[in-house]
Amino acid sequence: MRIAGTANLFSSRRPPPGARPGEFVVPADAHPTTIRAIAWDHERLDIHEIRSAEELQAITAAPGLTWIEVVGLGDGSVLNWIRDVLGVHPLAVADIANVPQRPKFEDYGDRDLLIAQHARILEDEGVELTQVSIVAGPDWVVSVLEDPCDLFEPLHERLRANAPIRRNGSAFLAYAMVDAVIDGYFPVIESLGELLEDLEEEIMDRPGRDALTRLHAVRRVLLTLHRTMWRQRDALGQILRGDGNPFGEEVRVYFRDAHDHSLQVLDAIESYREITVGLMDVYLSSISNRLNEVMKTLTIMATIFIPLTFIVGIYGMNFDHMPELRWRWGYFAVWGVMIAVSLTLLWWFRRRGWLGNDDDTKE
Amino acid sequence: MRIAGTANLFSSRRPPPGARPGEFVVPADAHPTTIRAIAWDHERLDIHEIRSAEELQAITAAPGLTWIEVVGLGDGSVLNWIRDVLGVHPLAVADIANVPQRPKFEDYGDRDLLIAQHARILEDEGVELTQVSIVAGPDWVVSVLEDPCDLFEPLHERLRANAPIRRNGSAFLAYAMVDAVIDGYFPVIESLGELLEDLEEEIMDRPGRDALTRLHAVRRVLLTLHRTMWRQRDALGQILRGDGNPFGEEVRVYFRDAHDHSLQVLDAIESYREITVGLMDVYLSSISNRLNEVMKTLTIMATIFIPLTFIVGIYGMNFDHMPELRWRWGYFAVWGVMIAVSLTLLWWFRRRGWLGNDDDTKE
Amino acid sequence: MRIAGTANLFSSRRPPPGARPGEFVVPADAHPTTIRAIAWDHERLDIHEIRSAEELQAITAAPGLTWIEVVGLGDGSVLNWIRDVLGVHPLAVADIANVPQRPKFEDYGDRDLLIAQHARILEDEGVELTQVSIVAGPDWVVSVLEDPCDLFEPLHERLRANAPIRRNGSAFLAYAMVDAVIDGYFPVIESLGELLEDLEEEIMDRPGRDALTRLHAVRRVLLTLHRTMWRQRDALGQILRGDGNPFGEEVRVYFRDAHDHSLQVLDAIESYREITVGLMDVYLSSISNRLNEVMKTLTIMATIFIPLTFIVGIYGMNFDHMPELRWRWGYFAVWGVMIAVSLTLLWWFRRRGWLGNDDDTKE
Amino acid sequence: MRIAGTANLFSSRRPPPGARPGEFVVPADAHPTTIRAIAWDHERLDIHEIRSAEELQAITAAPGLTWIEVVGLGDGSVLNWIRDVLGVHPLAVADIANVPQRPKFEDYGDRDLLIAQHARILEDEGVELTQVSIVAGPDWVVSVLEDPCDLFEPLHERLRANAPIRRNGSAFLAYAMVDAVIDGYFPVIESLGELLEDLEEEIMDRPGRDALTRLHAVRRVLLTLHRTMWRQRDALGQILRGDGNPFGEEVRVYFRDAHDHSLQVLDAIESYREITVGLMDVYLSSISNRLNEVMKTLTIMATIFIPLTFIVGIYGMNFDHMPELRWRWGYFAVWGVMIAVSLTLLWWFRRRGWLGNDDDTKE
Amino acid sequence: MRIAGTANLFSSRRPPPGARPGEFVVPADAHPTTIRAIAWDHERLDIHEIRSAEELQAITAAPGLTWIEVVGLGDGSVLNWIRDVLGVHPLAVADIANVPQRPKFEDYGDRDLLIAQHARILEDEGVELTQVSIVAGPDWVVSVLEDPCDLFEPLHERLRANAPIRRNGSAFLAYAMVDAVIDGYFPVIESLGELLEDLEEEIMDRPGRDALTRLHAVRRVLLTLHRTMWRQRDALGQILRGDGNPFGEEVRVYFRDAHDHSLQVLDAIESYREITVGLMDVYLSSISNRLNEVMKTLTIMATIFIPLTFIVGIYGMNFDHMPELRWRWGYFAVWGVMIAVSLTLLWWFRRRGWLGNDDDTKE
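Chains as they are written, first to last, in the working numbering: chain A, 1 to 363; chain B, 1 to 363; chain C, 1 to 363; chain D, 1 to 363; chain E, 1 to 363.
Think of the hints as simulated: they come from the structure by calculation, not from any bench.
Hints are supplied without guarantee of correctness; some may be wrong.
[Said to hold, decoys possible] Straight-line Cα separation of at most 27 Å, DSS-like style, residue types lysine-lysine; simulated pairs:
hint, chain 1, residue 1, chain 2, residue 2
1, C, K104, B, K104
2, A, K104, B, K104
3, C, K104, D, K104
4, D, K104, E, K104
5, E, K104, A, K104
The task is simple: from the sequences and hints, build the whole structure.
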């Protein structure tokens with residue numbers, strides 16, 4: 001899902017109202033599905049491409065922890081395997097398939113569902129959200145990515161490197177995935193910070209329609225990120241508060257750390273939202289200054305020349321008896337009067353601060 | 001109830017203040033009432049038109065689950081059958097009859113009342129809400145629709161198709177109805193999204209009174225939908241939290257899914273409300289740009305021609321002694337001066353960015 | 001208490017700071033007090049005017065339920081009877097006397113105090129609040145109305161008609177009073193809805209100071225009604241949540257219904273408050289449109305005639321050598337030029353949408 | 001502490017950061033300290049000036065209730081007596097000395113600290129807050145006033161008059177003090193109400209810089225009062241909720257009454273704050289109306305006279321061949337044309353409502 | 001971290017997304033690390049520079065309380081000592097290293113982590129935040145300062161002076177550190193108060209772009225301080241509410257005092273934020289007044305001279321038959337008319353309050 005402009009943000013793929021609960025739709029443009037299993041114990045780490053429900057059944061039945069990694073939602077039968085072979089609740093499978101869903105945690109006994117949204121900044125200043133669905137079973141974890149992305153690369157590394165992650169259970173693996181999603185917001189936040197700095201400069205210098213449109217686009221991106229991260233924080237809070245400790249006490253401290261990171265991201269987003277409010281003020285004030293400047297120019301010109309035009313109008317009258325017209329130096333006297341009037345007005349304008357370099361007229 | 005414009009939104013049909021609790025009114029313009037019962041067990045599915053309290057009594061007394069489907073509120077005696085034959089509390093019957101009520105869940109022992117509002121988008125961009133009242137009894141469910149609509153068509157299909165819905169109890173049937181109501185908001189939300197896109201374009205291009213009126217109408221629709229869905233979410237949350245599990249543990253997970261959908265709808269509505277706030281900003285900024293543009297035009301014209309008019313005024317004076325008037329090339333010299341003044345002013349305007357294609361003057 | 005304009009809303013009658021708790025004041029302009037008792041059991045219903053503490057003592061000592069109806073607060077001794085004969089706490093009596101108090105529920109053992117505010121719309125668009133204080137004792141209920149009004153007329157009817165109200169206890173009677181107060185807000189809300197429709201039309205057509213003043217008056221009324229109803233809802237919520245069920249389980253469902261009605265009133269008031277915010281936007285936009293229109297008129301006139309005036313100024317110059325002045329068709333050529341300039345400018349204005357029927361210039 | 005303008009509101013007297021907890025400072029401008037004890041039992045009531053720690057020791061050791069009344073904070077040794085002789089916690093003493101503190105309730109075993117702020121309206125529309133610190137011990141109460149004021153006069157009266165206050169314990173005495181502080185806000189609120197009425201009139205009539213400054217000053221006063229009373233309400237709510245009933249059950253009902261009064265004060269303050277928001281709208285709208293009026297005047301004058309000036313300019317041209325100039329009635333015909341043009345424009349202005357007594361131009 | 005302008009506020013030093021939990025980065029520009037231990041018991045107080053993990057081990061193993069004071073984050077191995085020798089959780093160490101973190105309290109058994117932000121005002125009106133991390137172990141406390149500063153000077157003094165702080169445990173020492181941080185906000189708040197007073201004067205006198213920029217900078221500083229202190233208050237509240245009293249009952253009253261100080265700081269910050277909102281209003285109103293003033297000047301000049309210019313235009317016409325031109329006193333009569341017109345207009349302007357010293361035109 002891309003966020004930028006007023007795109008129809010919420011057209012999630014979903015069955016028609018009144019459909020059977022647990023139903024899902026596979027849209028034509030969904031990414032083709034690939035599925036593989038990473039299985040390990042203390043010594044070995046095997047990667048299998050999975051081509052049938054039976055293969056999936058065999059691998060999860062073997063001892064050791066298994067990570068079933070699904071990428072792309074184009075193939076409904078794979079989702080049916082997860083439902084039928086792994087015993088995931090149909091409603092959970094529907095939430096995996098009908099993207100986008102709001103980030104959430106749902107407790108289905110020992111098949112807990114965690115939905116998160118991975119954020120990535122695009123080149124045109126938009127942000128792309130990719131749904132990451134995680135089901136943590138007793139000795140396996142299913143991860144489903146809406147579209148291919150390199151989110152889980154570092155986890156693959158750590159598994160290959162035989163890091164502590166390999167000596168922990170499925171709950172820790174689920175945590176590691178969530179942590180990767182949440183930490184992935186930090187670079188996005190930094191890009192938005194740079195974007196706001198650019199924008200501030202542009203609004204100061206050229207406060208036009210274009211700057212306003214960009215400002216609104218950033219506000220919408222921040223709004224969506226805020227809502228998404230807020231939900232993610234809620235889901236993590238639910239895990240922390242959860243009765244019966246869904247993921248066991250020993251990984252609780254790690255989930256608390258992820259929760260803390262989500263709060264940091266929220267703080268940053270909220271600060272940026274306040275900054276956009278300030279930029280809107282600056283924008284309006286710039287527009288207002290420009291109008292003031294235009295009006296001041298008009299007023300100065302008009303106020304100086306309208307009296308002068310009146311004066312020359314007087315001596316354009318055709319009365320038979322206008323003594324000044326006959327005077328030898330009349331014409332030059334009129335010039336003198338006009339120069340005096342102009343200088344008086346200019347002096348008055350300067351005293352009021354309407355001329356020159358005061359703040360208001362600088363651009 | 002239609003929402004659009006400032007129609008008197010809240011004139012619910014209700015008895016006068018101080019009336020006996022449980023009293024209800026049947027307004028003259030209410031839709032005539034039809035009532036039928038759909039009864040089934042593992043093998044059969046019968047549909048009966050019901051014409052008397054005795055028929056209703058006989059059908060609900062028979063074994064198996066019964067769905068009593070009432071459409072229209074024009075006939076008070078049908079509501080009295082529900083009160084007297086099925087033992088529904090008079091206050092619940094009054095809430096069914098005195099539409100519109102806020103969506104809510106009320107626990108009356110084993111006759112739980114659920115009130116929801118079905119939303120439908122109209123052709124003129126308004127939204128129509130139809131009250132759906134559900135009473136879930138031990139082995140029957142009463143549904144009352146304020147006006148006829150095709151909300152329950154998919155449920156009829158699923159019942160005829162012998163889907164799982166036929167093998168579940170009254171709580172699941174009540175859930176299926178609520179789910180149909182809530183999922184019915186998604187198409188409404190999508191239509192509003194498209195409407196907002198149109199509106200954004202209109203406000204950018206022709207920011208007039210008409211666009212503002214449409215924007216306000218959309219805001220009111222969003223406000224009402226938000227309030228309604230918020231209440232619906234509350235009612236579902238009450239069922240989820242409910243002490244003693246009003247609907248049993250096994251359908252709880254389905255109600256949680258409906259609760260989750262209501263949150264998705266709320267998210268969408270809130271985003272759209274923020275977008276309307278942004279559009280208001282764009283509108284005000286467009287109006288302001290137009291004023292700036294008008295003032296700039298005036299200023300440019302006046303600032304160029306007022307000095308020129310002054311100059312020609314000078315040589316319209318009738319002094320006897322004005323040496324320039326006698327010069328051979330005086331007239332042409334004046335033209336030269338005037339052209340020079342104009343060009344200087346034009347250059348100055350261009351340097352300040354008041355001419356040409358800067359952002360401010362584009363429409 | 002009348003609400004409209006900036007009247008000093010909160011000058012409640014109260015003793016000076018530091019006075020003994022439970023003290024109350026009887027202001028000179030308070031309505032004279034009348035007190036009567038309505039006593040009934042299964043068969044009879046008697047109405048007694050009460051003239052002394054002893055009579056009150058005798059009536060409440062008799063078996064059956066008694067409603068002691070006090071109207072007007074002008075006579076402090078009647079309040080003392082309530083304190084001394086019926087054993088109502090002095091603080092409760094002070095709250096009854098020192099009107100207006102905020103709506104509230106206070107549990108004084110088996111002498112529970114309920115304070116509500118009855119709302120009535122006035123002819124000049126203001127709203128009048130009348131304090132209704134209810135003390136529910138074991139087999140009597142005291143109601144105190146600040147001023148005479150017909151709030152309890154329907155209850156008298158129902159009592160005379162031997163309705164179920166006569167077969168219930170003091171808690172149900174207290175409920176019936178509160179219900180009458182809350183349902184009395186619905187007609188007020190409807191009147192305000194009509195008022196807002198009028199106001200919207202006025203603001204569209206004649207957005208002046210007068211419309212703004214009326215809008216602010218409505219906002220203040222809505223603000224006060226919201227605050228009052230919010231407190232009333234709180235008091236009802238307190239009764240519903242109340243530990244030890246102050247009023248017994250069997251009337252709880254009725255108080256829940258009253259609570260639900262208070263929520264409906266609050267929904268309506270909140271919607272109206274949002275509508276007033278929208279009207280403020282429309283008002284500001286109308287003012288802004290009017291300024292735009294004025295400026296556009298000025299700009300069009302000035303922009304057309306300033307260049308023309310310059311042209312005629314040229315040929316008003318008195319140079320000896322101005323060839324055009326001698327041409328045979330010079331005068332008519334100038335007219336041609338001037339008409340061409342005017343038409344060009346008019347065409348340019350029309351192309352920019354400044355002329356004619358675009359939205360901005362329509363009123 | 002005075003509130004008005006942007007005075008540095010929060011420069012409380014406090015020791016430097018990092019100082020020992022419980023330290024306090026005695027500023028040079030603090031009011032000199034006086035201390036006296038009022039001791040009573042059923043029969044007698046004695047007032048003692050206290051000059052040493054030993055006297056204090058002796059008086060509190062005697063049977064009966066003692067009120068130790070301290071006024072002014074200029075003498076640190078008196079505060080040390082309270083700490084050392086009465087066993088008040090050093091942190092509590094520091095809060096008494098380092099004024100202003102936020103109103104609060106702190107439970108230190110049987111030496112509970114209550115801090116409140118007494119409000120008094122000043123003649124220049126500011127408000128002065130005086131800290132009132134109360135420590136309720138087992139059979140004594142210490143009250144410390146930051147500055148002398150007549151807050152406790154009515155309590156002295158009631159004690160002298162042998163009112164019920166003399167037959168209650170230290171908790172009731174502490175309540176009576178808090179009640180005096182809270183009821184002291186009612187006259188302040190009333191003064192502010194009158195001030196707002198004045199201000200509204202001024203803003204309607206003369207919406208200048210001065211009115212805006214006064215409006216902002218009132219907003220700041222309301223803001224501070226709101227914050228202060230909010231804290232006071234919190235402190236009272238803490239006493240009401242308090243585990244173990246810090247002050248015993250029998251005075252709980254009195255503290256509930258004080259809590260209710262604090263809610264009434266808060267309601268009033270919040271209403272006034274909403275009214276100031278409305279006044280800001282009125283102010284902006286007045287300013288805007290004035291600009292509209294100025295622009296309309298300009299537009300009417302310019303639009304009438306610019307065409308006329310053009311017309312007279314035409315016949316000021318010096319073409320040899322201008323037939324109209326030779327006509328006998330040419331001059332008068334031009335006058336006719338000019339009058340016709342003026343009347344047409346005036347008619348057009350009137351039709352648009354720009355002339356005369358419509359709302360916009362009224363001041 | 002400096003706050004002022006739109007600096008990229010949230011670029012905390014952190015490892016890339018997906019890194020192992022507990023990892024931390026040591027940036028090149030971090031301050032070099034110094035570490036020393038202050039150990040004491042009833043009699044002695046020793047200060048040791050620590051150069052190896054073994055020294056740290058030895059000192060903390062000795063009896064008595066030890067304060068391990070780390071300054072600067074340039075040396076990762078010191079942080080590893082803390083993790084490995086003192087048994088601090090790797091996630092806690094990562095929070096110490098990856099500055100800035102939000103202020104928080106995290107319970108890791110008997111190694112509780114407290115993160116706070118020390119605020120210091122800079123000369124250019126910005127504010128600098130320095131992270132202070134505190135880990136309270138059983139008989140030692142680790143403090144880590146991001147950069148050197150004199151925050152803990154007073155504590156050193158008190159330790160040297162054998163103040164009560166030396167006779168309390170590690171919890172009291174941790175409290176003393178937090179108290180120093182929170183009390184350090186008071187001088188910052190006072191400086192901001194003075195800054196706001198300056199700013200108010202500037203906005204009244206010279207409401208230009210520069211004042212607006214400074215106002216926005218102050219708003220951002222206040223926003224960040226508010227957020228930081230809010231989190232600090234939350235962390236203290238968590239300690240106060242904490243199940244199992246993380247720091248023991250006897251220091252709870254001190255933490256409550258620190259919590260109370262944090263509320264005072266928050267009150268001050270919130271008041272200042274409201275004041276900045278008021279200043280924004282004053283700014284906009286000043287800008288608006290200036291535009292009004294400009295327009296009024298233009299209108300007065302134009303309205304007076306445009307009719308006069310028309311009049312003199314009339315008598316510049318060249319009609320053969322214009323009787324007035326031949327009159328003996330025609331010219332002087334025209335002057336009389338013009339003076340009369342001017343005076344009439346001036347009188348009308350004065351009556352409307354457009355001339356002279358009314359509020360609007362004063363600067």
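Right, here's what the structure says about each hint:
A hinted pair counts as satisfied when its Cα atoms are at most 27 Å apart, and C:K104 with B:K104 qualifies at roughly 25 Å. For the hint pairing A:K104 with B:K104, the CA-to-CA distance comes to about 24 Å; that is within 27 Å, so the pair holds. With a C-alpha separation of about 24 Å, the suggested pair C:K104 and D:K104 falls inside the 27 Å cut-off, and the hint holds. A distance of roughly 24 Å separates the Cα atoms of D:K104 and E:K104; the hinted pair therefore holds under the 27 Å criterion.
For the suggested pair E:K104 and A:K104, the alpha carbons sit about 25 Å apart, so the restraint of at most 27 Å is met.
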